[in-house]
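With the sequences and hints as input, model every part of the structure.
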Amino acid sequence: MKRFISRCLALASVAATTAVVSAARPQYGGTLRAELDAIVSTLDPAHAVADAKEEAARARIVPLVFETLTIVEPEGVRPLLAMSWDSDARGSRWRFRLRPGVVLHDRKPLEAWQVAESLRVSEPSWKVAPEGEMIAIDTGEPSPDLPWVLADPRHGVAIRGSGGALIGTGPFRIDHVDAARVLLKAHEPYWRARPFVDTVQIDIGRRLEVQLTDLEGGRADIVSVRPIDSRRLSRRGLHVEASRPLELVALVFEPHRAGDTALAWRRAIAGTINRDAICTVVLQGNGAPAYSIVPDWLSGYARVVVPSAGPALSAAAVAALPVDQKTIVLRVDPGDAVTQAIAERLAVDAREAGFTIAVQAPVGLAPRADARLVRVAMAATTADRAFLQASGRLAVRGVAAAPLPPGSSLEATYHAEQAAIDPFIVVPVVHLAELYGIGDRVGASVNAAARPTGGWSLADLWLQDGKP
Amino acid sequence: MRRPSSATDARVLSFAAVGFHGREWWPTLALAALALTTSPVPALAQPPAGFADLAPDFASSIVNAVGTSGPVRVAFPPDQARVQAELIGLLATRGVRTTDNADATLVNASCAVNLRDRLCVAEVGRGEARRIVMTTRPRPAGADPDAAPIVGLALRSIYTQRAPILDVAVAGDRLVVLTPDAVVLVADASGANDGGRPIASKPIATARVWPRDLRGRLRLAGQNFDAFLPGVTCRGTINPLALVCADDSDAWPIGLENSGIAPSRNAFSTPDGFTFYEAAPVGAGRFLLAGERGALTLMDAGRRTAVRSDAADHVAGFPGACVADAAYVILGARTAEPDNDTLRLFRLADARLVPTGSTTPLPGTLTALWSATASGPATAVVHDSSAGRYEAFHLTLSCAR
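Residue numbers (the numbering used here), protein chains in the order written: chain A, 1 to 468; chain B, 1 to 401.
Worth flagging that the hints you see were computed from the coordinates, not collected in a lab. One or more of the hints may lead you astray.
[As the list claims (entries may be wrong)] Here are some chain B residues pointing at chain A (derived, C-beta under 7 Å):
1. S60
2. A112
3. N114
4. L115
5. R116
6. V121
7. E123
8. I132
9. R139
10. L243
11. D247
12. S269
13. D272
14. M299
15. R303
16. R304
[Unchecked claim] Pair ranges (Cβ atoms, derived):
17. A/E111 with B/N64: 33 to 41 Å
18. B/E292 with A/G259: 50 to 58 Å
19. B/E292 with A/D440: 18 to 26 Å
Since we're looking at a predicted model, the values are computed, not measured. Where a beta carbon is used, it is the ideal one built from N, C-alpha and C, also for glycine.
Okay, here's the thing in structure tokens:
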């Protein structure tokens with residue numbers, strides 16, 4: 001019997017090994033079907049959009065078509081269309097050496113003057129000029145982090161052809177754009193090798209719930225996934241890929257609750273938050289407890305960002321509060337199920353401490369809220385730029401942006417961030433990653449579809465039913 | 001070895017005594033086995049000792065913050081023992097005494113890498129007296145392919161016996177061997193069993209019936225050691241060899257918070273109930289967990305990410321080895337050949353395992369794999385059923401440029 005069992009185990013092992021080694025060689029061809037929830041009004045990288053959702057959607061599509069001089073990878077800022085760069089001592093005059101052999105979507109070689117022209121459109125305040133194979137940029141003011149700035153998709157090199165057509169150098173070229181769909185075709189002479197798939201079909205304006213069912217029904221290959229849905233996909237055997245954490249969910253008190261006299265009150269409410277439970281239960285393991293604004297992988301110092309110590313309200317003091325101070329109206333985006341779920345959990349935790357949180361998800365006019373639960377996205381960049389980006393977006397919601405000059409040292413950034421959270425007006429709750437559900441048709445590739453630094457990497461994806 | 005569910009009836013380890021066939025070609029080959037490969041992922045040029053180049057300035061900053069009048073207690077994350085040791089040495093040369101005394105000023109430090117910088121940061125003191133000390137250096141700006149390390153996995157056979165081995169630990173010139181029945185002290189451990197001979201043994205006194213997939217772990221601290229078994233914790237001394245066991249489910253020293261292994265089980269679980277078999281530290285407080293059905297999961301600050309990879313039943317990590325901000329892990333998996341498991345070396349890049357191409361066959365079935373601790377080696381135990389023996393190996397990474 002023992003020998004029989006051993007043989008069964010051996011056979012099972014062989015079967016497992018067979019499964020492991022039977023992975024197919026990547027195939028070329030086919031149409032990869034992706035979906036996004038936002039409407040994308042333009043793919044012009046230099047065109048600024050105000051809507052955060054549209055900006056996030058554009059950040060996925062634009063880099064597939066328009067490449068930047070530099071790119072941010074997990075290892076830091078790296079060359080892309082530029083091969084190398086140098087600057088003067090002030091960091092205001094820069095020269096970027098253009099990569100040779102890059103071919104535009106119209107199959108003509110990319111030239112330095114075209115890059116200069118594109119950058120002048122994306123940043124009119126710069127003086128940009130071609131110098132042989134180099135591109136000279138004079139920013140006027142010191143800009144020690146210019147290579148990081150140039151990695152922003154808005155500085156994607158876009159050549160404006162006749163009739164307003166935009167062409168780039170990326171792995172895909174624009175084939176068709178309408179209000180519901182973007183079609184991209186593989187760029188055959190792409191300098192980093194042609195993508196596996198022939199076509200990427202991106203359906204836009206698809207609600208997240210619809211995307212989920214499309215993925216489950218085999219009608220989509222890559223969709224955006226909310227943390228609260230990841231377990232459902234895993235149970236169906238579908239794969240979920242994540243970036244590194246790039247978004248902060250924070251409790252932000254409104255100005256009438258942000259005074260110094262209410263500091264102990266805010267500290268008491270912040271003390272009720274059970275971040276571990278939110279990450280484990282509500283976000284199904286897809287969130288990281290946040291005590292800082294900037295995630296640790298972008299700053300490295302997050303563990304020492306600690307809210308200021310001081311008196312909080314005792315249980316007796318909370319019980320003795322007037323009703324209007326024991327009740328907090330917490331506003332959330334009515335279209336965001338994730339913040340609504342987190343808010344409901346905050347209400348549960350606060351109730352145990354004697355507070356009542358009324359979650360308000362208004363679709364029209366609503367009573368004044370005491371606090372909001374907001375989501376603030378950050379780019380993968382230097383700590384100071386990420387902090388400035390996040391604090392700038394928080395400032396839109398009535399919180400003063402911390403003064404921090406561009407290119408600040410890490411220590412200065414730490415002190416600014418510490419100062420920003422000390423008053424308990426902004427209370428970090430969790431950090432979220434971009435999550436993507438991957439369909440069954442997508443074969444295992446060397447690089448993930450979800451870039452660690454955010455956005456899609458689709459050139460390496462291949463389809464199991466693609467035509468060789 | 002495909003780890004069986006505790007509920008199954010499959011016997012995986014046989015505890016019957018088996019014949020000893022002497023040393024064969026394999027251990028000799030294993031001593032020299034050094035599968036070198038170049039990592040396909042561009043790695044950054046880093047100082048050989050990780051953050052060691054930051055340590056002098058970091059130590060000076062700490063001295064400025066605490067002065068030299070009293071002792072300090074230095075704490076680092078468990079996977080940064082090397083920089084901790086470096087810092088303690090530098091503090092000593094600057095006149096600052098370090099201690100484990102809880103009353104001493106706490107220096108709670110860590111080193112990390114963000115996209116632009118490498119940094120070491122410390123909280124010094126607590127409450128109103130709390131200060132932050134930070135030392136930074138820029139990360140290298142460009143990937144230098146020539147700086148990519150050549151990383152290989154080296155195996156060294158350290159002990160062989162007929163009875164099952166659960167874990168081994170080196171204590172000076174002796175070897176402590178944990179078996180299902182006893183803790184055995186072996187002399188001349190460096191002799192790789194040629195000169196190694198058991199000199200003392202103490203039985204594990206317990207009324208418990210061991211689970212079928214029995215696991216055990218040793219932890220040494222000077223002349224004292226602890227032995228962890230499912231539902232049993234033993235404490236002992238090496239000289240003289242002494243052992244006291246009690247039915248107790250203490251947390252096992254695997255780097256990750258756990259509640260030990262339950263008496264009739266073979267798996268760990270995290271405080272939130274996630275079940276795993278092995279945990280490999282991969283730096284920055286992260287762990288790669290080998291779970292049910294060979295699934296690999298990356299745990300980062302409580303957040304779990306499924307790792308897209310071949311299935312693996314065993315996993316061990318070498319945090320901080322070779323490249324400061326790169327993590328290497330080995331996966332143990334069964335091949336089509338029965339009784340010939342392999343170890344494969346990977347570099348962890350985000351939640352992906354990038355194969356380095358280094359694959360090392362083992363002379364049997366891998367029955368235990370424990371991650372490296374601090375600067376020490378990882379440990380593997382292999383059951384060679386044809387030769388009728390269990391063999392323990394130390395695994396290290398060799399790094400060259």
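Hints versus structure:
{"no.": "1", "hint": "S60", "verdict": "violated, 15 Å"}
{"no.": "2", "hint": "A112", "verdict": "holds, 4 Å"}
{"no.": "3", "hint": "N114", "verdict": "holds, 4 Å"}
{"no.": "4", "hint": "L115", "verdict": "holds, 5 Å"}
{"no.": "5", "hint": "R116", "verdict": "holds, 5 Å"}
{"no.": "6", "hint": "V121", "verdict": "holds, 5 Å"}
{"no.": "7", "hint": "E123", "verdict": "holds, 5 Å"}
{"no.": "8", "hint": "I132", "verdict": "holds, 5 Å"}
{"no.": "9", "hint": "R139", "verdict": "holds, 5 Å"}
{"no.": "10", "hint": "L243", "verdict": "violated, 32 Å"}
{"no.": "11", "hint": "D247", "verdict": "violated, 30 Å"}
{"no.": "12", "hint": "S269", "verdict": "violated, 13 Å"}
{"no.": "13", "hint": "D272", "verdict": "holds, 5 Å"}
{"no.": "14", "hint": "M299", "verdict": "violated, 9 Å"}
{"no.": "15", "hint": "R303", "verdict": "holds, 5 Å"}
{"no.": "16", "hint": "R304", "verdict": "holds, 4 Å"}
{"no.": "17", "hint": "A/E111 with B/N64: 33 to 41 Å", "verdict": "violated, 54 Å"}
{"no.": "18", "hint": "B/E292 with A/G259: 50 to 58 Å", "verdict": "holds, 52 Å"}
{"no.": "19", "hint": "B/E292 with A/D440: 18 to 26 Å", "verdict": "holds, 22 Å"}
Going through the hint list in order, the structure does not satisfy hints 1, 10, 11, 12, 14 and 17.
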